[in-house]
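The lines below spell out each chain.
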Amino acid sequence: AQTVTQSQPEMSVQEAETVTLSCTYDTSENNYYLFWYKQPPSRQMILVIRQEAYKQQNATENRFSVNFQKAAKSFSLKISDSQLGDTAMYFCAFMTAYSGAGSYQLTFGKGTKLSVIP
Amino acid sequence: NAGVTQTPKFQVLKTGQSMTLQCAQDMNHEYMSWYRQDPGMGLRLIHYSVGAGITDQGEVPNGYNVSRSTTEDFPLRLLSAAPSQTSVYFCASSYGHNSGNTIYFGEGSWLTVV
Numbered sequence: 001a002q003t004v005t006q007s008q009p010e011m012s013v014q015e016a017e018t019v020t021l022s023c024t025y026d027t028s029e030n031n032y033y034l035f036w037y038k039q040p041p042s043r044q045m046i047l048v049i050r051q052e053a054y055k056q057q058n059a060t061e062n063r064f065s066v067n068f069q070k071a072a073k074s075f076s077l078k079i080s081d082s083q084l085g086d087t088a089m090y091f092c093a094f095m096t097a098y099s100g101a102g103s104y105q106l107t108f109g110k111g112t113k114l115s116v117i118p
Numbered sequence: 001n002a003g004v005t006q007t008p009k010f011q012v013l014k015t016g017q018s019m020t021l022q023c024a025q026d027m028n029h030e031y032m033s034w035y036r037q038d039p040g041m042g043l044r045l046i047h048y049s050v051g052a053g054i055t056d057q058g059e060v061p062n063g064y065n066v067s068r069s070t071t072e073d074f075p076l077r078l079l080s081a082a083p084s085q086t087s088v089y090f091c092a093s094s095y096g097h098n099s100g101n102t103i104y105f106g107e108g109s110w111l112t113v114v
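Line by line, the protein sequences are chains A and B.
Using the working numbering, count along the first sequence one by one with no gaps and you end on 118.
Using the working numbering, count along the second sequence one by one with no gaps and you end on 114.
In isolation and in its complexed conformation, chain B is listed as follows (with noise of 0.2 Å):
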């Protein structure tokens, strides 16, 4: 199984430019996230999705935007992309029906904003 894919792995934009990180799972997850982890801190929260249609704010949404039209797919769209955007982002799946599942991690996409 490939598990949860990421891609780009790495991406250098400019100041103003939109992107698409793109995450893909296929363990037949209802639950995907993205988290975010700058240096000196752990993962925080951006957005997360509890299946198809149904996508909800973490931690630190603000530009960022998500969907999820299928159970596979979960992207993340910087909408105009700034300097404090540069930071690794980290997809993460699990199943949804009980809490306390083991979550399973991408490997990670690094972004340069610059």
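Bound conformation, chain A alone (with noise of 0.2 Å):
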């Protein structure tokens, strides 16, 4: 089974300065994806951004970018330029790459709040 861990349960950034969440991960697979999701108060999961294992290349969206350190087993989250509206608890996840029902499954780490100060 894996398993995903985010070492750090709260954080906190100064609107416009950059933040990394960090994210660890333990599988025996060699393929799978990697995801951040971000939870506002609302409650609503909002997808922030998607890697795919095999892919070398680090995800980016906008502000949001990975740091993909696959033999690490490692998975951060950098955000620029911080904004209020970034405030939220952010939750890292693993799904595997392998066919079949358990591909749709979603593995999440135990959530990083990140407050954005004024």
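Hints are all accurate, no fakes.
Not close to chain B: a few residues of chain A, all C-beta gaps over 10 Å, as computed:
#1 N30
#2 Q56
#3 N62
#4 N67
#5 Q69
#6 A71
#7 S76
#8 T87
Estimated spans, in silico, between C-beta atoms of each pair:
#9 B:V88 with A:E29: 24 to 32 Å
#10 B:G40 with A:L84: 21 to 29 Å
#11 B:Q17 with A:S7: 38 to 46 Å
#12 A:D81 with B:A82: 39 to 47 Å
#13 B:S69 with A:E29: 32 to 40 Å
Bear in mind the hints are in silico, worked out from the structure with no lab data behind them.
Built from N, CA and C at the ideal position, the CB exists for glycine as well.
Assembly of the complex is requested from the two constituent chains, each provided in isolation within its own frame, with the hints serving as guidance.
Shown next as structure tokens:
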């Protein structure tokens, strides 16, 4: 079974600054997908960014980028130019790439609560 | 498009009562699932379905029942509510053709069992 660990329960960052959220995972598989989800106070789960393990290039979505280190099983999220609207819980999640029912299931970390300070 | 719609948004139950959380999606997704989120935890998979008529258990299935009679709907039934089932429940869906497809979540249903 896969596990996902987020070692920072809470973090804060000044508005317009850059912050990095950490995530490590454990799997014996070689091919998989990794995700970062944002959960604002409304509790809605919003996909931030997605990384395919077989792609060496780190994924980027506007102000959000990842540092994917496959050998180290590390998947950190960098938020640049932090905005007040970035205040939320952030969850790292794993999905296997192998076919079958398990390929549609997400395994989540416990989350990091990010506060952006004006 | 409405996306993934959950009802009700809030519900208070007494111990031992039964109820159904409704979930519907209008994206013709094959895969649907239910997760629960407890304080200090990420989401955990309760049950999932890879198509109409096909369901299976996830990580925390005890006390819950599901069925999938249509592609659009995937209700979650609490058979005899217990305080341990107080949680926020999320329904999710995605295309079933390839793994790694984006999973879309509903807005959540807050359930309190007293």
